[in-house]
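Engineer: Sequence:
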Amino acid sequence: MMSARESYGDDAVGYVQLYRDNGICTVKCKMCPEHKVRTKAYNVTLIVNENDGEIISCECHDCAASAGGCKHAVAFLMWVHRRSEEPACTSVECYWKKPALSRVGTTLKFITIEQMTKTLVPHRPSTSALCEDFILEAKKRKINKCELLKYQNDFVHSDITRYSLHSFMVNLPQETKNDVGLLLSVMKSAFTSDIIKNIEEATRQQNKTNFWYELRYGRITASKAHELLTVMVEDDMVQF
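The numbers in numbering that gives the first Met the number 0 rise by one with no breaks, and the one at position 18 of the sequence shown is 17.
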(Lines of atoms letter the chains of each structure in order from A and count residues from 1; the text may use other names and numbers.)
(Lines give C-alpha, C1' and ligand atoms only; values in the text may rest on other atoms or scores of the structure.)
Protein backbone atom coordinates (compact mmCIF):
# COMPACT_ATOMS: atom_id res chain seq x y z
CA MET A 1 0.00 0.00 0.00
CA MET A 2 1.20 3.49 -0.85
CA SER A 3 0.36 4.80 2.64
CA ALA A 4 2.77 2.29 4.20
CA ARG A 5 5.81 3.74 2.46
CA GLU A 6 8.48 5.54 4.50
CA SER A 7 8.42 8.66 2.31
CA TYR A 8 4.94 9.50 3.62
CA GLY A 9 4.73 8.04 7.11
CA ASP A 10 8.06 9.33 8.43
CA ASP A 11 7.24 12.91 7.42
CA ALA A 12 3.52 12.88 8.27
CA VAL A 13 3.67 11.60 11.86
CA GLY A 14 4.13 14.08 14.69
CA TYR A 15 3.31 14.78 18.36
CA VAL A 16 3.61 11.11 19.29
CA GLN A 17 2.48 10.14 22.82
CA LEU A 18 2.92 6.77 24.54
CA TYR A 19 1.25 5.35 27.65
CA ARG A 20 1.79 1.90 29.22
CA ASP A 21 -0.53 0.27 31.74
CA ASN A 22 -0.48 -3.42 32.76
CA GLY A 23 0.96 -4.63 29.48
CA ILE A 24 -1.32 -2.48 27.32
CA CYS A 25 0.57 0.14 25.31
CA THR A 26 -1.39 3.04 23.83
CA VAL A 27 0.33 5.20 21.20
CA LYS A 28 -1.25 8.37 19.82
CA CYS A 29 -0.12 10.77 17.11
CA LYS A 30 -1.13 13.67 14.88
CA MET A 31 -1.10 12.59 11.22
CA CYS A 32 -0.65 15.34 8.62
CA PRO A 33 -2.89 14.95 5.53
CA GLU A 34 -0.99 13.93 2.41
CA HIS A 35 -2.39 16.63 0.13
CA LYS A 36 -3.96 19.42 2.20
CA VAL A 37 -0.98 19.68 4.52
CA ARG A 38 -2.15 22.89 6.22
CA THR A 39 -5.52 21.54 7.27
CA LYS A 40 -6.22 20.04 10.70
CA ALA A 41 -4.15 16.95 11.43
CA TYR A 42 -5.83 13.57 11.94
CA ASN A 43 -5.75 11.94 15.39
CA VAL A 44 -4.66 8.29 15.21
CA THR A 45 -4.52 5.82 18.12
CA LEU A 46 -2.75 2.46 18.22
CA ILE A 47 -3.36 -0.01 21.08
CA VAL A 48 -1.00 -2.96 21.52
CA ASN A 49 -0.97 -5.87 23.99
CA GLU A 50 2.77 -6.05 24.70
CA ASN A 51 2.47 -9.26 26.74
CA ASP A 52 0.99 -11.22 23.83
CA GLY A 53 2.60 -9.17 21.05
CA GLU A 54 -0.86 -8.46 19.60
CA ILE A 55 -2.25 -5.32 17.97
CA ILE A 56 -5.66 -4.67 19.53
CA SER A 57 -6.66 -1.74 17.35
CA CYS A 58 -5.35 1.06 15.14
CA GLU A 59 -7.91 3.77 14.45
CA CYS A 60 -8.04 7.18 12.82
CA HIS A 61 -10.59 9.31 14.66
CA ASP A 62 -11.09 12.12 12.14
CA CYS A 63 -11.17 10.45 8.72
CA ALA A 64 -14.48 9.61 7.06
CA ALA A 65 -13.01 6.36 5.72
CA SER A 66 -11.69 5.20 9.09
CA ALA A 67 -14.40 2.54 9.51
CA GLY A 68 -12.90 0.54 6.66
CA GLY A 69 -9.29 1.10 7.69
CA CYS A 70 -8.03 4.39 6.25
CA LYS A 71 -4.52 5.08 5.00
CA HIS A 72 -3.66 7.24 8.02
CA ALA A 73 -4.06 4.29 10.40
CA VAL A 74 -1.97 2.08 8.09
CA ALA A 75 0.74 4.73 7.77
CA PHE A 76 0.96 5.17 11.55
CA LEU A 77 1.01 1.40 12.13
CA MET A 78 3.94 0.97 9.73
CA TRP A 79 5.68 3.98 11.27
CA VAL A 80 5.50 2.38 14.73
CA HIS A 81 6.79 -0.89 13.26
CA ARG A 82 9.83 0.87 11.76
CA ARG A 83 10.55 2.62 15.06
CA SER A 84 10.36 -0.72 16.92
CA GLU A 85 13.20 -2.06 14.76
CA GLU A 86 15.52 0.82 15.64
CA PRO A 87 18.08 0.47 18.46
CA ALA A 88 17.54 2.45 21.65
CA CYS A 89 19.00 5.96 21.57
CA THR A 90 21.29 4.99 24.44
CA SER A 91 22.55 1.83 22.72
CA VAL A 92 25.85 2.52 21.01
CA GLU A 93 27.82 -0.52 19.93
CA CYS A 94 31.52 -0.44 20.80
CA TYR A 95 33.90 -1.48 18.03
CA TRP A 96 37.04 -1.18 20.18
CA LYS A 97 37.37 -4.93 20.58
CA LYS A 98 39.50 -7.76 19.31
CA PRO A 99 38.42 -9.13 15.90
CA ALA A 100 36.92 -12.61 16.24
CA LEU A 101 38.88 -13.87 13.23
CA SER A 102 42.21 -12.91 14.79
CA ARG A 103 41.76 -15.48 17.57
CA VAL A 104 42.00 -18.39 15.12
CA GLY A 105 45.35 -20.25 14.97
CA THR A 106 47.63 -17.60 16.42
CA THR A 107 50.05 -17.62 19.33
CA LEU A 108 51.09 -13.97 19.00
CA LYS A 109 50.27 -12.27 22.29
CA PHE A 110 51.18 -8.70 21.36
CA ILE A 111 52.89 -6.58 18.70
CA THR A 112 54.95 -3.45 19.17
CA ILE A 113 54.63 -0.27 17.15
CA GLU A 114 58.07 -0.88 15.63
CA GLN A 115 56.87 -4.23 14.29
CA MET A 116 53.88 -2.63 12.57
CA THR A 117 56.01 -0.86 9.95
CA LYS A 118 58.49 -2.28 7.45
CA THR A 119 60.42 0.95 6.95
CA LEU A 120 62.78 2.44 9.50
CA VAL A 121 61.44 5.67 10.93
CA PRO A 122 64.25 8.18 11.55
CA HIS A 123 64.51 9.47 15.09
CA ARG A 124 63.82 13.17 15.48
CA PRO A 125 64.42 14.97 18.76
CA SER A 126 61.17 16.18 20.29
CA THR A 127 60.63 19.84 21.05
CA SER A 128 57.68 21.73 22.50
CA ALA A 129 58.73 25.16 21.24
CA LEU A 130 56.58 25.06 18.10
CA CYS A 131 53.53 23.87 20.01
CA GLU A 132 53.96 26.50 22.70
CA ASP A 133 54.33 29.27 20.10
CA PHE A 134 51.19 28.08 18.32
CA ILE A 135 49.14 28.00 21.52
CA LEU A 136 50.35 31.46 22.53
CA GLU A 137 49.46 32.92 19.13
CA ALA A 138 46.05 31.21 19.11
CA LYS A 139 45.23 32.72 22.50
CA LYS A 140 46.22 36.17 21.26
CA ARG A 141 43.86 35.81 18.31
CA LYS A 142 41.12 34.42 20.60
CA ILE A 143 40.75 31.23 18.58
CA ASN A 144 38.45 28.82 20.40
CA LYS A 145 37.61 26.18 17.77
CA CYS A 146 40.99 24.45 17.72
CA GLU A 147 41.02 20.94 19.21
CA LEU A 148 44.57 21.38 20.53
CA LEU A 149 43.53 24.35 22.66
CA LYS A 150 40.80 22.31 24.34
CA TYR A 151 43.47 20.25 26.12
CA GLN A 152 45.02 23.28 27.83
CA ASN A 153 44.36 23.71 31.54
CA ASP A 154 43.07 27.26 31.17
CA PHE A 155 40.73 26.57 28.24
CA VAL A 156 37.07 27.51 28.77
CA HIS A 157 34.35 26.78 26.21
CA SER A 158 32.68 29.90 24.90
CA ASP A 159 29.27 28.26 24.45
CA ILE A 160 26.90 26.09 26.49
CA THR A 161 29.40 23.20 26.37
CA ARG A 162 31.13 24.69 29.41
CA TYR A 163 28.20 23.42 31.50
CA SER A 164 28.74 19.75 30.70
CA LEU A 165 29.84 17.87 33.82
CA HIS A 166 33.27 17.12 32.36
CA SER A 167 34.07 20.70 31.29
CA PHE A 168 32.56 22.15 34.45
CA MET A 169 34.68 19.93 36.73
CA VAL A 170 37.91 20.51 34.78
CA ASN A 171 37.74 24.26 35.30
CA LEU A 172 37.13 24.09 39.06
CA PRO A 173 39.92 24.44 41.65
CA GLN A 174 41.09 21.26 43.34
CA GLU A 175 39.69 22.18 46.76
CA THR A 176 36.21 22.52 45.24
CA LYS A 177 36.48 19.12 43.55
CA ASN A 178 37.38 17.49 46.88
CA ASP A 179 34.46 19.01 48.81
CA VAL A 180 31.05 17.65 47.78
CA GLY A 181 29.12 20.32 49.67
CA LEU A 182 31.16 23.12 48.13
CA LEU A 183 30.84 21.55 44.68
CA LEU A 184 27.04 21.38 44.91
CA SER A 185 26.93 24.97 46.12
CA VAL A 186 29.02 26.15 43.16
CA MET A 187 26.89 24.16 40.72
CA LYS A 188 23.67 25.55 42.22
CA SER A 189 24.85 29.12 41.70
CA ALA A 190 26.27 28.43 38.21
CA PHE A 191 23.30 26.54 36.78
CA THR A 192 20.69 29.28 36.62
CA SER A 193 17.18 28.83 35.26
CA ASP A 194 18.20 30.37 31.94
CA ILE A 195 21.18 28.01 31.61
CA ILE A 196 19.03 24.96 32.38
CA LYS A 197 16.46 26.12 29.80
CA ASN A 198 19.20 26.51 27.17
CA ILE A 199 20.53 23.02 27.95
CA GLU A 200 17.04 21.54 27.62
CA GLU A 201 16.53 23.22 24.25
CA ALA A 202 19.96 22.13 22.99
CA THR A 203 19.37 18.45 23.81
CA ARG A 204 15.80 17.92 22.60
CA GLN A 205 17.07 15.84 19.67
CA GLN A 206 18.92 13.57 22.15
CA ASN A 207 21.30 11.23 20.30
CA LYS A 208 21.16 13.35 17.14
CA THR A 209 23.14 16.14 18.84
CA ASN A 210 26.77 16.00 19.97
CA PHE A 211 26.00 18.02 23.08
CA TRP A 212 23.66 15.25 24.33
CA TYR A 213 26.58 12.82 24.35
CA GLU A 214 28.78 15.41 26.06
CA LEU A 215 26.28 15.81 28.90
CA ARG A 216 26.10 12.01 29.32
CA TYR A 217 29.88 11.80 29.75
CA GLY A 218 30.81 9.11 32.27
CA ARG A 219 27.24 8.18 33.20
CA ILE A 220 26.74 4.68 34.57
CA THR A 221 23.14 4.09 33.54
CA ALA A 222 20.80 1.27 34.45
CA SER A 223 21.12 -0.13 30.94
CA LYS A 224 24.90 -0.39 31.33
CA ALA A 225 24.53 -2.11 34.69
CA HIS A 226 22.05 -4.56 33.15
CA GLU A 227 24.47 -5.26 30.29
CA LEU A 228 27.26 -5.91 32.77
CA LEU A 229 25.14 -8.50 34.59
CA THR A 230 23.68 -10.28 31.59
CA VAL A 231 26.24 -10.14 28.77
CA MET A 232 29.16 -12.55 28.64
CA VAL A 233 32.25 -10.35 28.28
CA GLU A 234 35.51 -11.85 27.08
CA ASP A 235 39.03 -10.92 28.17
CA ASP A 236 37.71 -9.28 31.35
CA MET A 237 36.72 -6.18 29.39
CA VAL A 238 33.53 -4.19 29.95
CA GLN A 239 32.59 -1.75 27.21
CA PHE A 240 31.16 1.58 28.41
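Because the hints were derived from the structure by calculation, they are not lab data.
Treat the hints with caution; some may be incorrect.
In silico lysine to aspartate or glutamate, EDC-like type, Cα no more than 20 Å apart, as pairs [stated by the list, open to error]:
1) K176 - E199
2) K39 - D10
3) K27 - E49
4) K29 - E58
5) K176 - D193
6) K207 - E49
7) K29 - D9
8) K29 - D51
9) K187 - D158
10) K144 - D132
11) K27 - E85
12) K149 - D132
13) K39 - E58
14) K144 - E213
15) K144 - E131
16) K207 - D132
17) K35 - E53
18) K138 - E113
19) K207 - E84
20) K139 - D153
21) K35 - D61
22) K27 - D61
23) K141 - E131
24) K144 - D158
25) K35 - D10
26) K207 - D9
27) K207 - D10
28) K141 - D153
29) K29 - D10
30) K196 - D153
Engineer: Compare the structure with each hint and give your call.
Structural biologist: Structure-based check of all given hints:
The hinted pair formed by K176 and E199 fails the criterion: a straight-line CA distance of about 25 Å is larger than 20 Å. Between K39 and D10, the direct Cα distance comes to roughly 16 Å. Compliance with the 20 Å bound is thereby established for this hinted pair. Of the supplied pair hints, the one linking K27 and E49 holds, its CA atoms being roughly 16 Å apart against a limit of 20 Å. At roughly 12 Å between alpha-carbon atoms, K29 and E58 fall within 20 Å of each other, so this suggested pair holds.
Proposed proximity of K176 and D193 is contradicted: the alpha carbons are some 24 Å apart, above 20 Å. The straight-line distance between the Cα atoms of K207 and E49 is roughly 28 Å, outside the 20 Å bound, and the hint therefore fails. Restraint check for K29 and D9: satisfied, since their Cα atoms lie roughly 12 Å apart, inside the 20 Å limit. Between the alpha carbons of K29 and D51 the distance comes to roughly 27 Å, so the proposed pair goes past 20 Å and is violated.
The straight-line distance between the Cα atoms of K187 and D158 is roughly 19 Å, inside the 20 Å bound, and the hint therefore holds. Between K144 and D132 the CA atoms are separated by roughly 17 Å; this keeps the pair inside 20 Å, and the hint holds. The suggested pairing of K27 with E85 holds, with an alpha-carbon distance near 19 Å, which does not exceed 20 Å. As the CA atoms of K149 and D132 are separated by approximately 16 Å, the hinted pair is consistent with the 20 Å bound.
A hinted pair counts as satisfied when its Cα atoms are at most 20 Å apart, and K39 with E58 qualifies at roughly 17 Å. Proximity of K144 to E213 is assessed by CA-CA distance (about 16 Å); at most 20 Å being required, the pair is judged to hold. A distance of roughly 17 Å separates the Cα atoms of K144 and E131; the hinted pair therefore holds under the 20 Å criterion. Distance check on the hinted pair: K207 and D132 sit about 37 Å apart at the alpha-carbon level, beyond 20 Å; violated.
Straight-line distance between C-alpha atoms of K35 and E53 comes to about 33 Å, which puts the hinted pair past the 20 Å bound. Annotation: proposed proximity of K138 to E113 is violated, straight-line Cα distance about 37 Å (limit 20 Å). With a C-alpha separation of about 17 Å, the suggested pairing of K207 with E84 holds against the 20 Å cut-off. With a C-alpha separation of about 14 Å, the suggested pairing of K139 with D153 holds against the 20 Å cut-off.
Taken as a hint, the K35 and D61 pair is honoured in the structure, with Cα atoms around 14 Å apart against an allowance of 20 Å. Distance check on the hinted pair: K27 and D61 sit about 13 Å apart at the alpha-carbon level, within 20 Å; holds. Straight-line distance between C-alpha atoms of K141 and E131 comes to about 15 Å, which keeps the hinted pair within the 20 Å bound. Restraint check for K144 and D158: satisfied, since their Cα atoms lie roughly 11 Å apart, inside the 20 Å limit.
For the hint pairing K35 with D10, the CA-to-CA distance comes to about 14 Å; that is within 20 Å, so the pair holds. Between the alpha carbons of K207 and D9 the distance comes to roughly 16 Å, so the proposed pair stays at or under 20 Å and holds. Taking the CA atoms of K207 and D10, the gap is near 17 Å; set against the 20 Å cutoff, the hint holds. Pair hint K141 plus D153 holds up; C-alpha atoms about 13 Å apart against a cutoff of 20 Å.
Taking the CA atoms of K29 and D10, the gap is about 11 Å. The hint holds against a cut of 20 Å. With a C-alpha separation of about 27 Å, the suggested pairing of K196 with D153 is violated against the 20 Å cut-off.
This entry does not satisfy hints 1, 5, 6, 8, 16, 17, 18 and 30, going by the numbered hints stated previously.
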